[in-house]
Amino acid sequence: MKRFNHKDLLGMGQLSVEDIELIMETAESLKEISQREIKKVPTLRGKSVVHFFYEPSTRTRTSFEMAAKRLSADTVSLSSMGSSMAKGETLIDTAKNLQAMSPDLIVLRHPSSGAPHLLAGEVKAGVINAGDGINEHPTQALLDLYTIRERKGRIRGLKVAIIGDIDHSRVARSNIIGLTKMGAEVTISGPPTMIPLHTESLGVKVVYDPEEAIKDKDVIMVLRIQLERQRKILFPSIREYSTFFGLNREMMIRGAKKDVIVMHPDL
Amino acid sequence: MKRFNHKDLLGMGQLSVEDIELIMETAESLKEISQREIKKVPTLRGKSVVHFFYEPSTRTRTSFEMAAKRLSADTVSLSSMGSSMAKGETLIDTAKNLQAMSPDLIVLRHPSSGAPHLLAGEVKAGVINAGDGINEHPTQALLDLYTIRERKGRIRGLKVAIIGDIDHSRVARSNIIGLTKMGAEVTISGPPTMIPLHTESLGVKVVYDPEEAIKDKDVIMVLRIQLERQRKILFPSIREYSTFFGLNREMMIRGAKKDVIVMHPDL
Amino acid sequence: MKRFNHKDLLGMGQLSVEDIELIMETAESLKEISQREIKKVPTLRGKSVVHFFYEPSTRTRTSFEMAAKRLSADTVSLSSMGSSMAKGETLIDTAKNLQAMSPDLIVLRHPSSGAPHLLAGEVKAGVINAGDGINEHPTQALLDLYTIRERKGRIRGLKVAIIGDIDHSRVARSNIIGLTKMGAEVTISGPPTMIPLHTESLGVKVVYDPEEAIKDKDVIMVLRIQLERQRKILFPSIREYSTFFGLNREMMIRGAKKDVIVMHPDL
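Protein chains in written order, with this note's numbering: chain E, 1 to 267; chain Y, 268 to 534; chain F, 535 to 801.
Honestly, the hints are just simulated from the structure, not real lab data. Misleading hints may appear alongside valid ones.
Which residues of chain Y face chain F? A few of them, derived with a C-beta cut under 7 Å, are [said to hold, decoys possible]: (1) Lys307; (2) Thr310; (3) Glu332; (4) Lys426; (5) Thr447; (6) Lys448.
Simulated restraints, written as ranges between beta carbons of each label pair [unchecked claim]: (7) E:Thr43 - F:Glu684: 17 to 23 Å; (8) E:Glu150 - Y:Gly280: 37 to 43 Å; (9) E:Arg224 - Y:Pro378: 22 to 28 Å; (10) F:Val796 - Y:Pro378: 50 to 56 Å; (11) Y:Gly388 - E:Thr43: 33 to 39 Å; (12) Y:Glu417 - E:Arg224: 50 to 56 Å.
As the structure is a computational prediction, the values presented were derived from the model and not from experiment. Here a beta-carbon is modelled for each residue, glycine too, at the ideal position from N, C-alpha and C.
Given these sequences and hints, build the entire structure.
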């Protein structure tokens, strides 16, 4: 039987093609469970999962909690509001306190890139990165890969365009890494101020003209502008950005494939 | 066996007399469980309930959560604080995200009247209205009906006065609908600015003088003034309101029945 | 079999030496469970525990919740944020509402000294004080006693120094009561403005010079300055306080025992 041989899930970079395939197959059998009358399996019975969210989130936290409960784990949820962070406790202090309770898994969302890696080095528990700063959001990327595979039957050989503020999107980063690893051909597009330097080294094509970028693609991912993560204004106005980079119906009719799927993976 | 044939519980208006009686009988047998040493039954084992509260609440959320857990359901709790609402997500967006997790029930409290109805149309899960704006709060009314039945042995034929800010109270609305449906005779009283127009169409008597209103009643319900839901000042001062409409001991001795019960159903 | 014959756990003052020993022995066998693969025992199956925190906390709330879940209890968590306290509900009102849900245990943290005692008088549920104002924090003290016993093999006869803002620390109070009760010899030290009057009546020695205070001690407890609980400035500056009362390495090398343990019990 194949096994997932990592203590932590910190980013798509750490996963092999086999790891990703194993996760997809496991997700497939778990998806079946979520459609049953009794949506519960004993897999994680007696295990405890701490959900630690330093950034607001509805869907990510809720889906992690619900997933843990369907697997029969006990869950505890922390947020930075109403916690000892108010008293100046650092992430490492908190990690040590959490470690003392010997949880089995910690799911961490944090505004600082690298925070889950720091935590993973301090605790015996497995750490799952649920989004760290502008670095990675691997579980969102795994979900996006799963969705693409489900809709298109495969990932290898697909042409995928990712449009928007690539530079501030941890989802874009994780998807670029995951998609290229699984054999998709990735094109990114966005205002030049939002395209990271040396992006080609990630194995993607950069096409500044969005109409050109989506041409003949199987999948188009459109990113939200992460206004809250930008330190300065990177485009003249939302309206101007929208005129050029908002994915409009006309642009799609002209350029995209008939069976293109449009995804809006966010946060 | 009788069955509750509704996907959702949105308001007292939707319930038949038989529905309400079925709920009362079920509550009676569940009440017995809450007095046992082991307060747990497997009724909802493997089901998941999302508690989604857009307004602050202690008692409603806690009692819903505890009830779900006593029935062995898995629960996840969301509040608007610390959620993606901060990022501008609408109720419909959130509904779609929740739907993707296939919960079995969603308990919603929302400041906008009609929000649970909107949600119910979007999700496969059953939706329970835990208070929507100034519209309805059916579970509070069901509890009030249960309490009255327990104390008085029946509801049919009882004389009930509801005193206070009728116009801004979703509890009053739900109680008026439920009580009249179950055959009680309802009189409402409050400053004229707090009595909705055309209230008689709900089948209640309006008596502006509170002393007159509580005369010969079996049950008196006194409402809190919903200062937070009023858009303008509807009475000169709290003190003046209180002088006339606060239910004082003297007023009760003079007018009410000896075995009257006084209820303060709130929120 | 020995039994814990108290409805509530409100402070160290209420516990006998036998009570404390019983708790230590029970903790010892539960600690073993938290190191197993499946960290779960059915002790509290079907019991419900309400965690009610009026002050921010990560570690205390999380460890209480996780402990309850490992014992198979159902837990519900309340905080003053997002609760009916916003609508002016008092602790007694809340207590009555909680009582109506018949929980088995209520864990309360509250900024007012004595709040758990007030609550305990109002509810049938057992109440555990998780920190009340500047009064007591008995579970932290029990944990500290446990840690000392584990490291030193005993408590009786040990020499313990507690350094810092004794007057505003509920942890210090609970530890002083617990340590002296268990036969340790306690010395306290801190700026004179932070030493409560008549402290000697608690059976401790007061030594104002910290170097002198830690001499020949087996255990040194260093308190955080509870800036948030002070009503006025009790020392000229953090830097001045730190120069005299911060426990520095040099001071320790000069004065303390070779096998001294230094504890930083907080909050």
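Enumerated hints in conflict with the structure, sorted upward:
Violated hints: 2, 4, 5, 6, 7; rest satisfied.
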